[in-house]
Amino acid sequence: DTEVTQTPKHLVMGMTNKKSLKCEQHMGHRAMYWYKQKAKKPPELMFVYSYEKLSINESVPSRFSPECPNSSLLNLHLHALQPEDSALYLCASSQDGRGPATNEKLFFGSGTQLSVL
Amino acid sequence: AQKITQTQPGMFVQEKEAVTLDCTYDTSDQSYGLFWYKQPSSGEMIFLIYQGSYDEQNATEGRYSLNFQKARKSANLVISASQLGDSAMYFCAMREPAGGTSYGKLTFGQGTILTVHP
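These protein sequence lines map, in sequence, to chains E and R.
Per the numbering used here, the very first residue in the first sequence carries number 136; after that it's consecutive.
Per the numbering used here, the very first residue in the second sequence carries number 5; after that it's consecutive.
Please note: incorrect hints may appear among the correct ones.
[Stated by the list, open to error] What follows is a set of in silico ranges between Cβ atoms, one per label pair, in the way DEER data are often shown: (1) Ala22/R with Glu179/E: 29 to 35 angstroms; (2) Glu21/R with Ser207/E: 39 to 45 angstroms; (3) Gln73/R with Pro204/E: 41 to 47 angstroms; (4) Glu21/R with Lys175/E: 21 to 27 angstroms; (5) Glu179/E with Thr24/R: 23 to 29 angstroms; (6) Ala22/R with Lys176/E: 26 to 32 angstroms; (7) Glu202/E with Arg76/R: 21 to 27 angstroms.
[Unchecked claim] A short list of chain R residues far from chain E (calculated; beta carbon distances all over 12 angstroms): (8) Gly37; (9) Leu88; (10) Thr111; (11) Ile117.
Quick caveat, the hints were computed from the structure, so don't treat them as lab data.
A quick note: this is a predicted structure, and the numbers were derived from the prediction, not measured.
Cβ atoms here follow ideal geometry from the backbone N, Cα and C, with glycine treated the same way.
Just chain E, with the same shape it has in the complex (with noise of 0.2 angstroms):
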């Protein structure tokens, strides 16, 4: 199973609301990543947890939450947005995330397609 699945696939909200968006990959893996993505843009990274733990938030505002349950699940909280933040929030797995490896491959999930309005 080389599955990351992510839910919903779609999701409209607006800026009062609270939401989440959920991961789940049963490969193993013990790196999980949390990507936004602009239309006809590449994804930029906005969290990476290792271990359950928190390695890398990239200046990312409150208004978005990781949470880490356990090594199979990655969950996105989502409180008071802004029209600007809708985009597809891509989540994706690889085997680790530490040491010197350059050769880990992440495998994505198929994406939630936010909008906020």
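Based on the hints, put chain R in the right spot on chain E.
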């Protein structure tokens, strides 16, 4: 800081022909990894091929090959015998080794939209 450059916003190719997508990079690290990903309109990023900085041979995966020229810092993707299903956005990416604040980070180029004509 590393940088990935894809200079072709869009490319067109006839079905069954070969196409080369360009990628250049800049890094001060001796050890790094280069990746190509395909993103169809469905949104999923699909891994295609990997080349390590110390690999002496060019990587190949089926119809995909990577033309790695280390001295020129280029890592072009070659797709042979293009198929209609190859129409997608293609991203070149580089992974730097862990250390300092660059832990586990994969950085993407701007991408190239490939359109395969029948």
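Results of checking the hints against the structure:
no. : hint                                      : result
1   : Ala22/R with Glu179/E: 29 to 35 angstroms : holds, 32 angstroms
2   : Glu21/R with Ser207/E: 39 to 45 angstroms : holds, 43 angstroms
3   : Gln73/R with Pro204/E: 41 to 47 angstroms : holds, 45 angstroms
4   : Glu21/R with Lys175/E: 21 to 27 angstroms : holds, 24 angstroms
5   : Glu179/E with Thr24/R: 23 to 29 angstroms : holds, 27 angstroms
6   : Ala22/R with Lys176/E: 26 to 32 angstroms : holds, 27 angstroms
7   : Glu202/E with Arg76/R: 21 to 27 angstroms : violated, 43 angstroms
8   : Gly37                                     : violated, 4 angstroms
9   : Leu88                                     : holds, 21 angstroms
10  : Thr111                                    : violated, 8 angstroms
11  : Ile117                                    : violated, 8 angstroms
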